[in-house]
Amino acid sequence: MPLFRYLPTPSERMGVLWTLSSIKDAYVIEYGPAGTTHYGIESYSRMNSSLLASIYTTHMEEDDIVMGDTERLERVITEIDYQHKPKYIFVVASSVSSIIGADVKAICYGLKSDINAHLITFTGGGFKGSYNLGCRDVLTCLADNVIGQPSESDSKLYNIIGSNIDCYNFESDMKEIENLMFNCFGMRLNTSFTANSSLDRIASASNAGLNIVLRAEGLECAEIMNKRHNIPFCYGLPYGYDGTYQWLQNIKDITGISCDKTFLHKQSERQKDHILELKYLQRGRKPINAVISGNFDPAFGIAQFLKNELDITSEAVFINHDNNLEHFAKGLEASSGVMLFNAGEDKKKNIVDETQPEVIIGDSFLIQISPSDVAKILFSNPNTQKRLLCSHMPFVGFKGADYILERIINTL
Amino acid sequence: MNNGLNDLKRLSQVKNKKDIKKLSYAQFPGTHCPLFGVALTALLVEDMKVLVVGTEECTYYTKMFAIGREKAGEATDNILSLVIEQDEVVFGATDALREALIRIDREYKPKAILVVTTCIPEITGEDYNAVIQSMQPIINAKLMCVKTEHFRCSNHLPGIERTLEAFADVMEVRRVKHNTVNILEHRHKGIEKTELFSILKGENVEINLSIPSKCTVELLKEAASAQLNIVTDPSALSLAEKMKERFGTDYVYLGKHGSLRRIRLAYEQLSEKMGLRIEGKVEEISKRAQMVLLKCEEQLSGKSFIYGNTPFPAFEACSLFCSIGMNPIIIQTNDVSDSDLPCIEEIMSTGNDPLITEVANIAPLRKLYSSLTPDFYIGHEYPHLLAKHGIAHAILDPVAGRIGFELIEMTAGLLVQALERTKGSNGKELKHAAF
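Protein chains in written order, with my numbering: chain L, 329 to 740; chain H, 234 to 668.
In case anyone wonders, no lab produced these hints; they're calculated from the structure. Among the clues, some could well be false.
[Unchecked claim] Cβ pair distances, simulated, as ranges: (1) L/K352 with H/N567: 45 to 55 angstroms; (2) L/K415 with H/E451: 21 to 31 angstroms; (3) L/K352 with H/H613: 49 to 59 angstroms; (4) H/K528 with L/S378: 36 to 46 angstroms; (5) H/K506 with L/D431: 56 to 66 angstroms; (6) H/N236 with L/K415: 35 to 45 angstroms; (7) L/H446 with H/F324: 34 to 44 angstroms.
[What the hints assert, rightly or not] No farther apart than 27 angstroms at their CA atoms in a straight line, the calculated lysine-lysine pairs in the DSSO-like style are these: (8) H/K255 with L/K440; (9) H/K342 with L/K413; (10) H/K342 with L/K675.
Each residue gets a CB set at the ideal place from its N, CA and C atoms; glycine is no exception.
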């Protein structure tokens, strides 16, 4: 039970709500005191997102807690079902309902015969782990429950799995992936899980010929779709110049569609010039070092770009959530011990103070505790500094590599 | 189809909280909780640390709010968090609390630490007050505790009230300084810009403290040296009572009144208790306010409105709006108490008998905008939604720090501004300020 001076690690319940919040037509019921719902609703704009889902609270009063009365939840479910006639209602337990032992699953099961909507429950109540698990749970449950049979399969369509509002730059990064996919393969986005999406679009995800998985939390979702609908998937984020080539190569291998060579050639010429600029600056000076923080996949991806293409060593790669998925082991292994999951505030501060990195790529806290005269790139949440309006400033792809390199070059 | 309106009672039928019906069981966005009320109040006391004990959600969002307020230059981010996880639910969190208090005391050396418990600690039933009492001998900072469980109250106001009450524990017996006052529950910068300040200054009355907008823990110790407390919001009445009981400090209530008469009466009481000669000045400001209201009435009379939430108590605000000829269709409120009765009578005397519903549930209301066709929505709502319906949107937050007649003048002014922004060239094509 650590003392936090800054922001604690968000819970899996917060991850569930964040991931659902960006799905239009999703009806979400929070079973708990209203205050947390209100607080949460006010947080979406701070995450550079809009609330697209319809989120409601049941509120809870002392009688509900003392007497274990669950009628309040039943009434709200019935009301939403009757008034809005949604296909699905997502019921999210709160810490309070969990502690008093309210069996949300059983309540929903009991209502099944009286309700038209399909009830989907999330019962962790915030005690299951860090936010990324909530994201994983939502993505998996969408694959399990919402995706229908293909109506018009099209091999030139793809889905993006794992673009979620907890990813700081999700809007720009997703746009850039769309640009890359169109320019290289002539492929178009079918649906995204779950940023700026809708339940109808998610339901039609099986029409696509490819799934692009941007985070490990989306792998289960992709595997289900692979098993049920035979949709292959490509996992990873396109960071760096070579990293983007490799990412495109993987897609080419999976889909069998060739890349547009003219587009790639143009990128290759630019890349050489830009890398040369950095190499010139690096002559005769001590090696550049960095500290990174963020969600697992972006943090790992950017660390690989710095190491493999820019000769910048990461002193630490702080992952802002728990080490709670099997897949993270691969990252740990590849990072030679510098990857730290859910490190405390003191640990982060000590490492920054001791290693004196020249490049900081991370969240607002990491930027705040770093000296002012180093290259600082706000790259991940929590973000307490910036409201993003532009959707053309990616970190991924060739443009993203340009941007990161430009920021580093101009500060060195 | 039942749109919920048939279930609501009219103002004349509402006798107590139970008569205030919901438009729907499902609530959006729901009320804020008392933890938010604590944040609104405690962030203004710079030399204090606030330790929030709760889940990730409670602590994370409160800290986010504090960071935002500090960034906006409105308060100090003095929030620290102790996060309750599954183990603490089972085995208790008091040991961790003890360690945290020692650490905060040594590391930050604050003058006070306000421990804020949330829903989960109140359900697990650990006695945080006892922990604090047992720790006080070894902690330099003054320790205080405020409970903010939301399942026992209906909004954030108890958080403000309890925080202010906790401040009384810091106060010490002092010799009373003649011609000094405290302003209680002023939560905005710029007390010097208020009408009240100007009136007091004119009589050489000094403001000892403005709590919490201009105070520190060190200064709070001196609160009892004021001759009189001026209470500007109902949330501070319990602090005023406590100070009266403990230190003998008398008080007057100059709250967010929606009636010129009530403001005049409050000033009269102030004058009497402090021995001031402010009748002339009060008369002059009152007349000016009356003139402003008359002018605004020309544009606002006959306009209908839905009342959401404002810095005023709900019925005070609606009484004011009715007094200038406006007609409430629906009033959203949490409670009805005896203190609301004069305002309710004033509203009814204008021939209005609006529907009453619970506050902070705007989702079902939105479906009614097209059939109710109000001219105004007064309170927080999404501007683009109102614009689509051609409804003027008045948010009264800018006047929250105002006291007395100026509050009424500026409120009426804001309504007129909102109406003008919304007026279209031909009355059909309405343009909202948000676009």
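A quick look at each hint next to the structure:
| no. | hint | verdict |
| --- | --- | --- |
| 1 | L/K352 with H/N567: 45 to 55 angstroms | 31 angstroms, violated |
| 2 | L/K415 with H/E451: 21 to 31 angstroms | 60 angstroms, violated |
| 3 | L/K352 with H/H613: 49 to 59 angstroms | 23 angstroms, violated |
| 4 | H/K528 with L/S378: 36 to 46 angstroms | 40 angstroms, holds |
| 5 | H/K506 with L/D431: 56 to 66 angstroms | 58 angstroms, holds |
| 6 | H/N236 with L/K415: 35 to 45 angstroms | 23 angstroms, violated |
| 7 | L/H446 with H/F324: 34 to 44 angstroms | 38 angstroms, holds |
| 8 | H/K255 with L/K440 | 25 angstroms, holds |
| 9 | H/K342 with L/K413 | 56 angstroms, violated |
| 10 | H/K342 with L/K675 | 22 angstroms, holds |
In this structure, the hints that do not hold are numbers 1, 2, 3, 6, 9, in rising order.
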